[in-house]
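> For reference, the chains in residue letters:
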Amino acid sequence: MTEDIIVAEDLTKIFDKSLVAVDHVSFNVEQGEILGFLGPNGAGKTTTLNMLSTLLRPTSGTATVNGHDIIKEPDAVRRSIGFVFQDPTLDIELTGRENLDFHGRVYGLKRDVRQQRIKEMLEVVQLTDRADDLVKTYSGGMKRRLEIARGLLHYPKVLFLDEPTLGLDPQTRRAIWEHIQRLNQDENVTIILTTHYTEEADYLCARIQIIDFGKIVALDTPDKLKARLEGDIVSLTFKDSQSTMKIRPLFEEKDWVRRVDLVAGENNHAVMSRMMQMMRGMFNDGSISGTMPEMSPGGMVPEISRGEAIRRSKMPRHMQQMLTRGSAGENGHRGHDEGPKRMNLLVDDGGHRIPEIVKLIDKTGVVLESVELHEPTLDDVFLSVTGRNIRDEQGSFAETMRQHRIIREARGQRS
Amino acid sequence: MVQPLSGQATYVILLRELKRFWRAKARIIASVAQSFFFLALLGSGLGGFIGGFGGVKYLSYLSPGMIGMSLLFGSVFSGVSVIFDRQFGFLKEMLVAPVSRTSIILGKILGGAVTASIQGILLMIVAGLMGAFTTTVTFIIGAIASVGVMMLITAGFVGLGVAIGSSLNDFHAFQLLSTFIMWPIFMLSGVFFPIDVAPQLLQAAMLIDPLFYGVELLRWCLLGTGTTILGPFGWMISLGVLVGFTALMVSIGTYLFSRVQV
Chain C
1 MTEDIIVAED LTKIFDKSLV AVDHVSFNVE QGEILGFLGP NGAGKTTTLN MLSTLLRPTS
61 GTATVNGHDI IKEPDAVRRS IGFVFQDPTL DIELTGRENL DFHGRVYGLK RDVRQQRIKE
121 MLEVVQLTDR ADDLVKTYSG GMKRRLEIAR GLLHYPKVLF LDEPTLGLDP QTRRAIWEHI
181 QRLNQDENVT IILTTHYTEE ADYLCARIQI IDFGKIVALD TPDKLKARLE GDIVSLTFKD
241 SQSTMKIRPL FEEKDWVRRV DLVAGENNHA VMSRMMQMMR GMFNDGSISG TMPEMSPGGM
301 VPEISRGEAI RRSKMPRHMQ QMLTRGSAGE NGHRGHDEGP KRMNLLVDDG GHRIPEIVKL
361 IDKTGVVLES VELHEPTLDD VFLSVTGRNI RDEQGSFAET MRQHRIIREA RGQRS
Chain V
1 MVQPLSGQAT YVILLRELKR FWRAKARIIA SVAQSFFFLA LLGSGLGGFI GGFGGVKYLS
61 YLSPGMIGMS LLFGSVFSGV SVIFDRQFGF LKEMLVAPVS RTSIILGKIL GGAVTASIQG
121 ILLMIVAGLM GAFTTTVTFI IGAIASVGVM MLITAGFVGL GVAIGSSLND FHAFQLLSTF
181 IMWPIFMLSG VFFPIDVAPQ LLQAAMLIDP LFYGVELLRW CLLGTGTTIL GPFGWMISLG
241 VLVGFTALMV SIGTYLFSRV QV
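Chains as they are written, first to last, in my numbering: chain C, 1 to 415; chain V, 1 to 262.
There may be inaccurate statements among the hints.
Some chain V residues judged to face chain C by a derived CB distance under 7 angstroms, without partners named [said to hold, decoys possible]:
{"id": "1", "residue": "Gln8"}
{"id": "2", "residue": "Ala9"}
{"id": "3", "residue": "Arg20"}
{"id": "4", "residue": "Phe90"}
{"id": "5", "residue": "Lys92"}
{"id": "6", "residue": "Val96"}
{"id": "7", "residue": "Val99"}
{"id": "8", "residue": "Arg101"}
{"id": "9", "residue": "Asp209"}
Just so you know, these hints were derived from the structure itself, not from any lab. Bear in mind that the values here come from a model prediction, so they are computed numbers and not experimental data. Don't be surprised by glycine CBs; every beta carbon is placed ideally from N, CA and C.
Take the sequences, apply the hints, and build the full model.
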């Protein structure tokens, strides 16, 4: 039996009498779960969190957190929660230990309890040996970890994490994810996080709440959300790009194929998506200027070849080399055919369609190298429920600038 | 909902301000040095021309005013820094803690007052070393009393800073604040010339400047002299005005801060 630790009813926040940031939102959060608010910038995720944490007063509606009403009993709510903000809220002129100590004092922890917990939390986030250094000497990931430790120091029932990995590099992000999971399991803390990274929501959350324009447009487990996109993506790989071009019209005219996309010269989907992930991060934080090649469902890149994408990007040379090396062996003896050798089809019940697809290709005499089936990703789901790509910047200019600043800070102060 | 005051929260904020202040030694030195240059250059340069006012040499006349300037800028900026604190920092974290805003802001005001007063005391020592004061027993008693006066002045101006910082959302207004609020307060406080020699219109403006009373009181403590315009019991008037100003500013600052939304 699980009980609801948060019950929100018709939560609404209107700024300046006209800007509806959160629009009659109702939801429950179960004790011990990790719930993710997924949505683009400005969707109302942070505003919802601010209301639940009593920082903002709802315009109408209310919620209970750990059984306490956010309007009538803000103190009791505050005692039940920990909050890790999107902006860094550490005092960088103080040491890590001092930051924790101050937090403990404010929450009324007695000296010995405080020291015990500080020791414990520093170990949890693996910062024990840096505890007495000034926070300004910490890397972005270390600061985030310290903030998480601080949010947990008073043993909250619910921990709010607002964009916990914004601007962090992939390894640090992964480490933070693991911390969050461990905390959730070991300490049984209910965790509510906001993110606009679909990978993050998919990896961490028991349930995901997709928010767009202040409304909940979907609330379900990641798997069930993905199941909403009926169909599968069947990836076909051919010997060369001519074959792909030859086969393309064959499927475009079939009514059971919803979509045909060509994937530029790339055989290794894993390498591809890894690169996309890295590039996406850089485009998002402005370290690469220009526009991102549009992602189509299934993570395919039209028009631009992989090698070309790597060359055009301003990523560090060692990364370029790492990525190109990944497929040099495969491509080396085939010359430099970087045209699309791969085609993705969105079809119903892909597993059963494969024999038919193979048969159709066989008849043309084109040699099929491999067939692969994959399920739609959360990116695809987001696109389908909101009609927009989550990567599109939807936030206000100020919000975007703010996030860029956070990201710059996270990166710049890494030592 | 009224939350009880939390001594711990006030103490934490005070402690934080002190630690930060202590670690920013370069800034303290710069601030004291700035006032030192004023004293050294104006005190000797202008002083050689003017001689003095009200029976004291110009350097001595200038010193309480320079201390006043240091107190003013130190405390207002410390108060206004709630803008940064609440948007990017530490204070935001405190706002989700189960403590009242009042206990937080009292800590801020206390911290700002103590740190700005420390700068004032340092400057008093520097001025003393330059020979601005005659070290008699009366002076030592006055100097000790002046520390209390400094706390009173700074608490009031940190309150003003907090009130401004809580109402502004934009730190680009900083420049405006400095030009249109702080400099007039500073220039009208009777730092460079006594109110008695000023034209009437200027006198009226000086009389509504709270720092004028602060500097007046400091001068009375440190030099035993005052203006004639406030009469023989001028120091009592000054003290009264200052207490009223500080009480008002701390109240307004606390009130406005309690209404701040993130």
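> Give a verdict on every hint.
Structure-based check of each hint:
no.	hint	verdict
1	Gln8	5 angstroms, holds
2	Ala9	5 angstroms, holds
3	Arg20	5 angstroms, holds
4	Phe90	4 angstroms, holds
5	Lys92	5 angstroms, holds
6	Val96	5 angstroms, holds
7	Val99	6 angstroms, holds
8	Arg101	11 angstroms, violated
9	Asp209	33 angstroms, violated
Checked against the numbered hints above, the structure breaks hints 8 and 9 and satisfies the rest.
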